[in-house]
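From the two separate chains plus the hints, produce the assembled complex.
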Amino acid sequence: FPSVPLGCVRERMAMATTSAAGGPGARVVDRFASANPEDPPTTPTPVIKYENTYITEPENGEKFQRSRVRALLVEVLQEKMKKKNYDAEKAPDLAKDLSSLITTRVKALAWPRYKFVVQVTVTERTGQGVEIASRCLWDVQRDNYVAETFQNSTMIVMATVFGCYYD
Amino acid sequence: SSSCSSVFCRDDRMEEPVAQEDVTFNADEVNGIVKEIVEMTLGTASYAHNKVSQWSSEILEAIIKRLTATQKPYKYVVTCSIMQKTGAGLHTASSSYWDNTTDGSTVVRWENKFLYCITAVYGLAT
Numbered sequence: 001f002p003s004v005p006l007g008c009v010r011e012r013m014a015m016a017t018t019s020a021a022g023g024p025g026a027r028v029v030d031r032f033a034s035a036n037p038e039d040p041p042t043t044p045t046p047v048i049k050y051e052n053t054y055i056t057e058p059e060n061g062e063k064f065q066r067s068r069v070r071a072l073l074v075e076v077l078q079e080k081m082k083k084k085n086y087d088a089e090k091a092p093d094l095a096k097d098l099s100s101l102i103t104t105r106v107k108a109l110a111w112p113r114y115k116f117v118v119q120v121t122v123t124e125r126t127g128q129g130v131e132i133a134s135r136c137l138w139d140v141q142r143d144n145y146v147a148e149t150f151q152n153s154t155m156i157v158m159a160t161v162f163g164c165y166y167d
Numbered sequence: 168s169s170s171c172s173s174v175f176c177r178d179d180r181m182e183e184p185v186a187q188e189d190v191t192f193n194a195d196e197v198n199g200i201v202k203e204i205v206e207m208t209l210g211t212a213s214y215a216h217n218k219v220s221q222w223s224s225e226i227l228e229a230i231i232k233r234l235t236a237t238q239k240p241y242k243y244v245v246t247c248s249i250m251q252k253t254g255a256g257l258h259t260a261s262s263s264y265w266d267n268t269t270d271g272s273t274v275v276r277w278e279n280k281f282l283y284c285i286t287a288v289y290g291l292a293t
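Protein sequence lines, in the order shown, are assigned to chains A and B.
Quick note: the first sequence, position 27, residue 27 per our numbering, numbers continuous.
Quick note: the second sequence, position 38, residue 205 per our numbering, numbers continuous.
One chain only, chain B, in its complex shape (with noise of 0.2 Å):
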């Protein structure tokens, strides 16, 4: 008669399959994720043509570190595209083949004074 106070502990009467936790592509979580770094990365820079690479690179794989922490079992692809503000126009379109339960995707746009930031992160279940 051993009284288990742990979580870990239970008795062998049936085995319940384990359950598979609901995988869904969590948008909310990834926009706080990516405005989080974006902010971090970029705050009030002006734009720079020799910083621009550096500033992609850094937020890339900010981003790719934070969603590997989230141990989800997807596959992610993360574009980011840093324009300088002249008044241009920029559009981005994507359209994607996937299965639409499990897959998906968030854009997040930024700016400041300077430049527009637009990050798109794409989450592929595997």
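Excised from the complex, chain A in its bound form (with noise of 0.2 Å):
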């Protein structure tokens, strides 16, 4: 009998009755299975890691690039508003619409590391007075927005695009 240090044994005795409940020859050791039998057997979800890149910054050509986009809103904004008048009940679509016509878009600019947020604002224009303002708490050399207005007899249409390096 080869001598064995008796932690040793101890664990295989452990992993031996696990491997019993779990079928002939199954060696999974599953720390997460509930106490009560009749649950489905719960696999524990490997967390992934990923290795770091030691990228601080954009690299060029890949920071947010201010005119690209504002063309870009001017081009959509454009094109969706043309002849549109304010409908109560289509404005809502319209916005969220907008807004995820444009995401889709900027997306397409295809910059690496880079979040987004879009706001679309619709609002009758009936000579009411709006204000529409942002603050960012972001890093002022990667981070930047663009903001957009159209307007036609009915309406006033504003776009905001954010975009923020995520390192």
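No lab work stands behind these hints, which were simulated from the structure alone.
Treat the hints with care, as some may be off.
[Stated by the list, open to error] Label-pair restraints from in silico Cβ distances:
id : chain 1 : residue 1 : chain 2 : residue 2 : range
1  : B       : 217       : A       : 141       : 33 to 43 Å
2  : B       : 253       : A       : 53        : 51 to 61 Å
3  : B       : 218       : A       : 46        : 54 to 64 Å
[What the hints assert, rightly or not] Residues from chain A that face chain B, not an exhaustive set, calculated with beta carbons under 7 Å:
id : residue
4  : 95
5  : 99
6  : 119
7  : 121
8  : 123
9  : 126
Quantities reported herein were computed from a predicted structural model and do not represent experimental measurements.
Ideal Cβ placement from N, Cα and C applies to all residues, glycine included.
Structural data, given as structure tokens:
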């Protein structure tokens, strides 16, 4: 009988009992199994750990370029708002569609490691006063925003895109 | 044989990895902060065109200060829309491209007899 340290033997015995519960040859030691044997077996989800890229700044050409985003916003607003009048029923959907369309187009610019927030406000034009302001707490050198307004005789649409670098 | 009663004293048996506290956007906490600040700034004020930009600046600065004080590893974007009540409709929508597990947003709608104030806070984890 080979001499095996005592601690080792205990461990082996513990593994043997759990494998007996799982079936012959089952080696998975399921620490997350519940006490009730009727519950479905739980598998511990492995935590994915990403390696450090050591990149602290966006590369050249991958920074949030205001001019490109502004051109994009102007194009989208002009295209979508042509000949549209304010309709109280359709306005919420219009706002949602515009914001998701702009997000898709900004994502297509393919700047890696950037998170975007797009906010669209649609309001009827009746001579009321509106003030839309924003403040941000971010890294001034890497994060930026673009805001564009579109007006016609019955409505005002304001779209803002905020881009934040994520390292 | 030193007996430490202080919390910071521990023996060096095993260096435990520092527990990563749950980094999630706490919408309730932010909602509370925003409601308090908007109520304090606007209260029962009626819409005054010359004061609106000052109000919005005050609200935004105060919100950013309180958010910084929570000491969370987040970048914040706060927008505030103040509109006069004239029966016109106002719709706001937003869409974001971020990490759903750590980032979040909250929108607080506040009104009094004369104006609406819609404040949106977006928190992006770093």
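TODO: Report the numbers of all earlier hints that the structure fails to satisfy, in ascending order.
DONE: none
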